[in-house]
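Residue numbers (my numbering), protein chains in the order written: chain A, 1 to 312; chain B, 1 to 312; chain C, 1 to 312; chain D, 1 to 312.
To be clear, the hints were calculated from the coordinates, so they are not data collected in a lab. Any given hint could be a false lead.
[What the hints assert, rightly or not] Lysine-lysine pairs mimicking BS3-like chemistry, simulated, CA-CA at most 30 angstroms apart:
| no. | chain 1 | residue 1 | chain 2 | residue 2 |
| --- | --- | --- | --- | --- |
| 1 | C | Lys189 | C | Lys60 |
| 2 | C | Lys189 | D | Lys171 |
| 3 | B | Lys235 | C | Lys110 |
| 4 | A | Lys189 | A | Lys235 |
[Claimed, not checked] According to the in silico footprint, chain A covers these stretches of chain B (three or more CB under 8 angstroms from chain A):
| no. | region |
| --- | --- |
| 5 | 22-35 |
| 6 | 120-131 |
| 7 | 178-185 |
| 8 | 188-202 |
| 9 | 264-276 |
[To be verified] Just the calculated beta-carbon pair ranges, DEER-fashion:
| no. | chain 1 | residue 1 | chain 2 | residue 2 | range |
| --- | --- | --- | --- | --- | --- |
| 10 | D | Asn248 | A | Asp87 | 18 to 26 angstroms |
| 11 | D | Glu163 | C | Leu221 | 29 to 37 angstroms |
| 12 | A | Lys122 | C | Asp231 | 44 to 52 angstroms |
| 13 | C | Leu135 | D | Asp224 | 27 to 35 angstroms |
| 14 | C | Asp231 | B | Ser251 | 18 to 26 angstroms |
Because the structure is a prediction, the values reported are computed rather than measured. By construction, the Cβ of each residue, glycine as well, lies at the ideal position given by its N, Cα and C atoms.
Number of protein chains: 4
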Amino acid sequence: MIEGSQIIAIADMDPAARQRAQRAHPSVQVTSDPAEILTSTRIDAVAVISPVWTHYELTKTALMNGKHVFVEKPFTLTSAQGEELVDLAERRNLRIMVDHTFLFTGAVRKISQLIDENALGKLYYYDSTRVNLGLLQHDVNVLWDLAPHDLSIMDHVIRESPEAVVATGEKHLNDYEDVAYMTLYFPGKTIAHINVNWLSPVKVRMTLIGGEKRMVVWNDLVADEKIRVYDRGVKTTSQEGVYKLLVNYRSGDMLAPQLEQVEALQLELRYFVDCITSGQTPFNDGRAGLRVVKMLEAASESLRHRGSLVKL
Amino acid sequence: MIEGSQIIAIADMDPAARQRAQRAHPSVQVTSDPAEILTSTRIDAVAVISPVWTHYELTKTALMNGKHVFVEKPFTLTSAQGEELVDLAERRNLRIMVDHTFLFTGAVRKISQLIDENALGKLYYYDSTRVNLGLLQHDVNVLWDLAPHDLSIMDHVIRESPEAVVATGEKHLNDYEDVAYMTLYFPGKTIAHINVNWLSPVKVRMTLIGGEKRMVVWNDLVADEKIRVYDRGVKTTSQEGVYKLLVNYRSGDMLAPQLEQVEALQLELRYFVDCITSGQTPFNDGRAGLRVVKMLEAASESLRHRGSLVKL
Amino acid sequence: MIEGSQIIAIADMDPAARQRAQRAHPSVQVTSDPAEILTSTRIDAVAVISPVWTHYELTKTALMNGKHVFVEKPFTLTSAQGEELVDLAERRNLRIMVDHTFLFTGAVRKISQLIDENALGKLYYYDSTRVNLGLLQHDVNVLWDLAPHDLSIMDHVIRESPEAVVATGEKHLNDYEDVAYMTLYFPGKTIAHINVNWLSPVKVRMTLIGGEKRMVVWNDLVADEKIRVYDRGVKTTSQEGVYKLLVNYRSGDMLAPQLEQVEALQLELRYFVDCITSGQTPFNDGRAGLRVVKMLEAASESLRHRGSLVKL
Amino acid sequence: MIEGSQIIAIADMDPAARQRAQRAHPSVQVTSDPAEILTSTRIDAVAVISPVWTHYELTKTALMNGKHVFVEKPFTLTSAQGEELVDLAERRNLRIMVDHTFLFTGAVRKISQLIDENALGKLYYYDSTRVNLGLLQHDVNVLWDLAPHDLSIMDHVIRESPEAVVATGEKHLNDYEDVAYMTLYFPGKTIAHINVNWLSPVKVRMTLIGGEKRMVVWNDLVADEKIRVYDRGVKTTSQEGVYKLLVNYRSGDMLAPQLEQVEALQLELRYFVDCITSGQTPFNDGRAGLRVVKMLEAASESLRHRGSLVKL
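Turn these sequences into a full structure, and let the hints steer you where they fit.
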């Protein structure tokens, strides 16, 4: 439905899903065999919407067959896979776009703008809570399932790369952690933290971003006023001859800016088509996806030690 | 004002505080010298309400002079100090009560009752967020300032002791961490997490407790319905011949039980007087205070390595 | 799509709407002329989804042609029209169903059940606030636009009919009241009140129902816990020889019952088909729609006097 | 304790209250006979904090004895009483201040400032909900108990006087309405509405103020951000040759301005002493109190007819 593009074929292993797809798109080819799509000469770009462990194989085949690829997050299961795909795409001059949908929402665009304009000042911390009841995954833990949202947003809005990761967590129901916590250290003293949980009785999507000049609270579950910008802060000054630091708390207005009313996925897909057409590299390209996978890999290593500092 | 007790004397280094005290209690002795209290033969018990680094010295002197001691949290700066004080009190048959006020609130009493009755089932996690703007302390970091509340509550309601701690955090304004995170592992797979922050634009006091049978959300900032008990959960069953676990989500009623309307500090002080009179050991005694100090000590060691597993 | 039914034809005056309809339902007849539907011999039932002032004409024609009718709220512009349609349908043994969708939601079904079981006791009041920014209507005022929801719910759950109405309001932007208030008196001392407003900066959908035994707060805008049942109340007792009434406030638990997860409109349409098939009279029939119109008519008369008691 | 003033004597009929007063103010004269205060030559001003039906007598005696009077709201039981007192005070050149404490809060001061600066534009409506469980009064109905807050605020911030009143309500527990609603019409098309209720399971203190340029939501129960200013509105334009009005909805930023952190009652009492000292007429003088009483009187008359338009 994106201007400049056309849906040619849909592959799905599940017969019921194929039936639904065919009903919704009567004129489109529907198949159980992804190879029909990946090798079709009528197709320029594919979307890989499938379990994580299949991303590498499907994306690789698509690239080998000269196709641009839009792929769900997390990009790949390992950074080695991700690096291979990024290299392959560059050699073939093909676009990879990793589906970090949140980057296209009005909320994240506003946060990004605030940081770009230095409205927050030096960043102290980025603290996200993303918890709910289910959906337990059977092939990845809760960090790989939920944290990519936060990691891709941080990667996008924080103008630095984290240098080290610590992750803790616990498994209660199967072989994958269902409750987990992740700390990321940045060179400039920004600290980031992600709290993810599949066993929470209530759904929470709350991010606090503390800066020297202003602070942001992003509550993604409210209909209005998702982003609140607080003109609040702390200043310390040391006075000569004074033993203690003088601490000054500033408490000013709160502003909830009107956000762009955009349909994020639509915007992202249009951007995908634009990048293919213009040859431009998307900001959420394979390299962005790879950076997120590297953070997840480091977190997994830390988790194996029940929490240890893993350098990136 | 507690029945069975009488305020005899108040010591404070600050002249303005002494003036206020004298005005409020015209018939009470007000002094700048704590020794006058600690050595007075007219006094049976003292309350040590002073900076953490003074707790050990003041409490020790009080015990040496045969006085029962009520002391603010955290109990001491080191577990060695705490152990010495606990031993001293036991040898002299004196009571130490550590001011873990939250244990006397309607909310914590309800949580404790729910766990005692096994209404929550096996505990999966205990997750607390305790953040606000300020008040930066000048002698301890944010973990030592805010986490004792959570640690003392956990120590009281969870029927196990944690076996290991991981803590991460960052300093932005002075030499003490102002943002910190702490994970505690329990032998039975309960995981606890504490998020404390002096640089948050908004105040949050939110604890999630996930159990196999029910889950609790405790929001201490609302006037009513601080405790909400969710009849929600996840069950996994493995069926023969079936590759995946079957996951079953249960979503039932939510109950916000009416809490006891108590003035926690009053209740605690009355309990202190009762314990002195009856010779009974308070549940929030020096040993309880010491357990909290040991967790904080372990967290500090982990923090020094920017996050590492420290056994308790 | 409702089992036992089939969509045969769609009529719309708007060419763009016709295009969308045809795309969504390629095999269905799409026309600009409602008469094609109303007189078709292939059609048993029609849905009248059109401006209020057209309901009477379209419904009448449909009934004259032997069709059952599903019609949007409010049923008609006047009670005379409504009465004529109800009579006509009864004479022809046809069903009219007025689209009071809320009656099919999990929330209203729960409220209805609570009242049926006498869980609330004698009803003191029913107080609804239904405000938001827009959508200004050009043919009816805000009472006729928004209050039918509340009136149909009250009519359904309160086991009495109101005896008198008072309405106040004001026009600011066009010839129709955009802010209005409506009080309904019931014989048994229940009082109902509706606050509707097209000029509110925030959206509110909040209903308080006070009973002698329990009280309900229904917040329709939250995802979870829409219905909260408070075990709270007031009891007065007069003691012999005591001048004042003794007032006793009871403050017990709050329960947020799990609601049925139903798609209300689907349920309603299935019920429409069932009623047609079985010959059963729907509870939201023309008479129910007529009762709501009579209350609106009385409110309009009261509004014309800027507030006066109008008997029903 | 207010600078420039001194507490000389306290009168109370209740022995227990007298005991508490004497303990709190050991050097103050405490008596059961108000006449001792009202006639004392050592006293310049009295505060009448007593049941409404005693206001007239006590205030009159105080004025007759040359004393300035601070009196609780509502000022008097009847407007005749209020007028007499206002006249008496003017003839004797004495100040009356009616305790409309809300006028001194940061929230109302901000609303007043916004309206003074014309930040809201032409006012469409003022809509207040003030409900909670209890405290049932035994000498006045819920309108006389709770509405004076709203009426005094409206009187202060709206630059017009209402021209007519409609009130509805019901009695359930004793001889006074416990649920009531009041509409006030202003000449310039502002409409005001007050919803008061002693039988609500939850406490609500919410006021919506809609203006042509901006709209305000005041939630007095939240700790922060009590006042939210919405840059939202509706504009209608009529275009030549176009049948319908064009309606334009504007949805911009929301600002929660930092409010002055003041202790309202302290500020009010200081203002009382200032007005006495300087001879200045307080804005919340007897005339302001009288305007509120007249609105309540009109509301009572309307209530007697179960809702009818009563001119002011």
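For each hint, the structure was consulted:
1. C:Lys189 - C:Lys60: violated, 38 angstroms
2. C:Lys189 - D:Lys171: holds, 8 angstroms
3. B:Lys235 - C:Lys110: holds, 27 angstroms
4. A:Lys189 - A:Lys235: holds, 16 angstroms
5. 22-35: violated (count 0)
6. 120-131: Holds, because 5 residues of the region 120-131 of chain B bring their Cβ atoms closer than 8 angstroms to Cβ atoms of chain A.
7. 178-185: holds (count 5)
8. 188-202: holds (count 11)
9. 264-276: violated (count 0)
10. D:Asn248 - A:Asp87: 18 to 26 angstroms: violated, 53 angstroms
11. D:Glu163 - C:Leu221: 29 to 37 angstroms: The hint (29 to 37 angstroms, Cβ to Cβ) holds, given that Glu163 (chain D) and Leu221 (chain C) are roughly 35 angstroms apart.
12. A:Lys122 - C:Asp231: 44 to 52 angstroms: holds, 51 angstroms
13. C:Leu135 - D:Asp224: 27 to 35 angstroms: Given a distance of about 32 angstroms, which is inside 27 to 35 angstroms, the answer is holds.
14. C:Asp231 - B:Ser251: 18 to 26 angstroms: holds, 22 angstroms
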